[in-house]
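Peer 1: Sequence:
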Amino acid sequence: MKKLIMAGVFLMLLAGNAFAQEKVEKWGIFELTLKGPSTGNPFMGVELLGRFTNGDKVVEQEGYYDGNGIYKIRFMPEKEGTWNYTITSNKKELDNSKGTFECTSPSKSNHGPVRVKETYHFQYEDGTPYYPFGTTIYEWPFQDTATKKQTVETLTASAFNKARFLAVPPYKDRYIDGPLRISVFPFEGTSSADWDFSRFNPAYFKNIDACVQQLQQIGVEADMILFRPYDKGKWGFDMMGQEVNKRFARYMVARYAAYRNIWWSLANENGFMKYVTTENWDELFQLVQQKDPYHHLRSIHNADNIYDYAKPWVTHVSLQYYNVVKTPFCTPLLRELYKKPIVNDEINYEGDIESRWGQLSGEEMTFRFWNALIGGGYATHGETYKTSPWISYGGRLTGSSPSRIAFLRKIVESGPGALEPIDQYWEINMAGKAGEYYLIYFGNDKLNKWEFVLPKKGLTNGARFKADLIDTWNMTITPIDKLFEVMPMPGNRYKFVEKNNASIKLPAKQYLALRIYKVADGAKVKDDGRHELE
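FYI, in the numbering used here the residues of the sequence shown are 1 to 534.
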């Protein structure tokens with residue numbers, strides 16, 4: 001998409017002050033560049049709005065000042081055909097600009113923004129399934145060119161399709177002195193002594209632009225974190241005041257909402273931002289919701305106190321609570337509580353650092369991923385080895401869990417759809433599609449066999465199944481050479497049993513799973529009309 005935008009011939013559409021593309025693919029970016037006033041403070045005194053129409057589709061998109069008298073409006077067309085637009089502004093040089101462009105069909109890899117699907121899951125706008133297998137690279141936008149390039153190459157070769165990162169750097173020694181010293185900041189100025197919070201620094205955001213574009217090119221969702229608590233007053237970006245926070249959020253939405261791969265994370269560890277109240281977060285959420293015409297996903301990452309994810313402007317849960325994924329049964333409880341997708345965005349990290357949150361083995365990280373998925377939710381990876389601090393720098397991965405997470409992703413994507421808990425009240429380690437498909441995860445248990453017994457939901461008398469034994473650590477799938485036929489269990493109205501009381505032999509080791517899938521239908525059994533909990 002970047003090549004299409006950069007290679008597109010920019011046409012002079014108006015009387016010497018507006019430039020844009022002739023054609024843009026659906027869910028691509030139409031970028032209108034206008035020349036306007038540079039005197040005074042354009043970040044504070046200029047209002048700029050584009051009104052885009054295509055038949056009965058009408059979208060209003062705010063513009064932003066990009067420095068040196070240049071104003072831009074980025075628009076993401078969600079409908080093919082001819083779009084007409086009119087620009088309104090309180091500055092006569094920008095007001096009443098008009099034009100048209102053609103929206104063409106999307107390219108093969110362009111599926112549009114990610115949306116919530118069926119309450120607990122996700123899919124792309126065009127209906128293509130999307131299962132978030134995320135990773136964390138907090139500070140990758142602030143690294144040298146070679147490291148950023150290596151990060152993109154690593155992500156391209158991995159299974160990770162969502163990346164969490166900071167929009168504003170944390171205060172750290174490596175960004176004060178040395179080769180990574182930061183000299184360009186989000187606001188004009190050089191330190192907390194002279195920030196001008198009324199003026200953004202467009203040069204800073206051009207780097208963030210490139211990072212979001214690079215992720216989009218390789219099919220990775222950009223889970224961008226707007227605020228974070230990691231200054232402790234030294235730079236002061238974590239205590240700017242609510243009016244500055246609102247102005248920053250509005251600028252970020254104007255600049256980045258047109259990227260189809262954007263997710264809005266209002267904050268990382270919001271509970272540590274002592275100068276931002278719950279009411280402030282509510283206000284910021286609602287501002288992002290109001291100003292983003294494309295309704296990208298919105299959440300907030302917690303620490304200490306947990307934000308109320310049930311609020312209507314939150315689209316999904318972005319959770320930091322490690323114990324949730326030590327077992328499959330916690331995620332179904334959160335699903336019932338919030339009625340939204342549960343993304344366990346921080347489950348500790350695989351690594352060997354001194355901090356206790358960065359000491360997981362590869363086995364434990366993989367174990368937690370499986371627990372999250374079996375519970376009907378999702379998880380996000382991170383890596384903190386001393387030789388490869390991935391969550392800070394990006395760069396390269398050295399841990400043993402990424403390949404196992406890729407193996408899990410292939411299993412999930414080869415199934416009939418998103419994993420749902422089969423019987424969350426009793427069978428905590430079983431997910432899939434009731435009556436058709438089952439993933440049973442044994443985790444740390446070392447079993448010699450598994451009795452072929454399934455919850456009755458969706459099953460029919462005489463239905464036949466095949467099974468595979470999965471070694472989730474060694475990444476092997478071994479078909480079981482047997483056909484299983486089920487019937488109602490005598491004396492038990494909650495379960496079906498294999499008609500010959502068959503079992504599956506297991507090798508008594510950790511991290512095994514069974515995949516069971518229907519190959520033939522049976523006869524429907526009359527339901528007794530009682531609730532499963534009775």
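Derived from the structure by calculation, the hints contain no laboratory data. Please read all numbers here as calculations on a predicted model, not as lab measurements. Treat the hints with caution; some may be incorrect.
As the list claims (entries may be wrong) - Within a straight-line C-alpha distance of at most 30 Å, the following computed DSBU-like cross-link-like pairs (lysine-lysine) qualify:
#1 K339 to K386
#2 K92 to K172
#3 K206 to K246
#4 K117 to K339
#5 K339 to K495
#6 K526 to K326
#7 K234 to K57
#8 K446 to K340
#9 K457 to K482
#10 K482 to K524
#11 K234 to K172
#12 K26 to K108
#13 K340 to K311
#14 K91 to K246
#15 K149 to K72
#16 K117 to K172
#17 K91 to K172
#18 K117 to K482
#19 K326 to K291
#20 K23 to K91
#21 K117 to K98
#22 K446 to K482
#23 K92 to K108
#24 K340 to K172
#25 K466 to K526
#26 K108 to K495
#27 K311 to K274
#28 K482 to K526
#29 K274 to K172
#30 K509 to K410
#31 K457 to K526
#32 K339 to K206
#33 K232 to K246
#34 K23 to K410
As the list claims (entries may be wrong) - Pairwise CB distance ranges, derived in the manner of DEER restraints:
#35 K339 to A157: 32 to 38 Å
#36 R51 to N444: 15 to 21 Å
#37 D304 to T145: 33 to 39 Å
#38 K108 to A520: 31 to 37 Å
#39 G241 to I477: 53 to 59 Å
#40 D304 to G417: 34 to 40 Å
Note that CB positions come from ideal geometry on N, CA and C, so glycine has one too.
Peer 1: Compare the structure with each hint and give your call.
Peer 2: Hint check results:
1. K339 to K386: violated, 39 Å
2. K92 to K172: violated, 44 Å
3. K206 to K246: Distance of about 20 Å is within 30 Å: holds.
4. K117 to K339: The given pair, whose Cα atoms are some 12 Å apart, holds under the 30 Å limit.
5. K339 to K495: Status holds; Cα separation ~27 Å.
6. K526 to K326: violated, 37 Å
7. K234 to K57: Violated, because 47 Å separates the two Cα atoms, which is more than 30 Å.
8. K446 to K340: violated, 33 Å
9. K457 to K482: Within the cut-off at roughly 23 Å; holds.
10. K482 to K524: Holds, at roughly 23 Å.
11. K234 to K172: Roughly 10 Å between the alpha carbons, so the hint for K234 and K172 holds.
12. K26 to K108: The hint holds at about 11 Å.
13. K340 to K311: Satisfied, since the Cα-Cα distance of roughly 10 Å is no more than 30 Å.
14. K91 to K246: holds, 23 Å
15. K149 to K72: Since the Cα atoms of K149 and K72 sit roughly 27 Å apart, the hinted pair holds (cutoff 30 Å).
16. K117 to K172: At roughly 39 Å apart (the allowed maximum being 30 Å), K172 and K117 break the hint.
17. K91 to K172: violated, 41 Å
18. K117 to K482: violated, 36 Å
19. K326 to K291: Judged against 30 Å, a Cα distance of about 38 Å means the pair is violated.
20. K23 to K91: holds, 28 Å
21. K117 to K98: violated, 37 Å
22. K446 to K482: Holds - the C-alpha atoms of K482 and K446 are around 22 Å apart, at most 30 Å.
23. K92 to K108: It is violated: about 41 Å lies between the C-alpha atoms, which goes past 30 Å.
24. K340 to K172: violated, 36 Å
25. K466 to K526: The given pair, whose Cα atoms are some 24 Å apart, holds under the 30 Å limit.
26. K108 to K495: violated, 44 Å
27. K311 to K274: holds, 21 Å
28. K482 to K526: Holds. K482 to K526 sits at ~28 Å (cutoff 30 Å).
29. K274 to K172: holds, 20 Å
30. K509 to K410: Measuring from Cα to Cα gives roughly 22 Å; hence the hint holds.
31. K457 to K526: holds, 12 Å
32. K339 to K206: Judged against 30 Å, a Cα distance of about 37 Å means the pair is violated.
33. K232 to K246: holds, 20 Å
34. K23 to K410: violated, 36 Å
35. K339 to A157: 32 to 38 Å: For A157 against K339, whose Cβ atoms are near 36 Å apart, the range 32 to 38 Å holds.
36. R51 to N444: 15 to 21 Å: Given about 58 Å between the Cβ atoms, the range is violated.
37. D304 to T145: 33 to 39 Å: holds, 37 Å
38. K108 to A520: 31 to 37 Å: About 36 Å separates the Cβ atoms of K108 and A520, which means 31 to 37 Å holds.
39. G241 to I477: 53 to 59 Å: With a Cβ separation near 55 Å, G241 and I477 satisfy 53 to 59 Å, so the hint holds.
40. D304 to G417: 34 to 40 Å: holds, 36 Å
In terms of the numbered hints stated before, the structure departs from hints 1, 2, 6, 7, 8, 16, 17, 18, 19, 21, 23, 24, 26, 32, 34 and 36, listed from lowest to highest.
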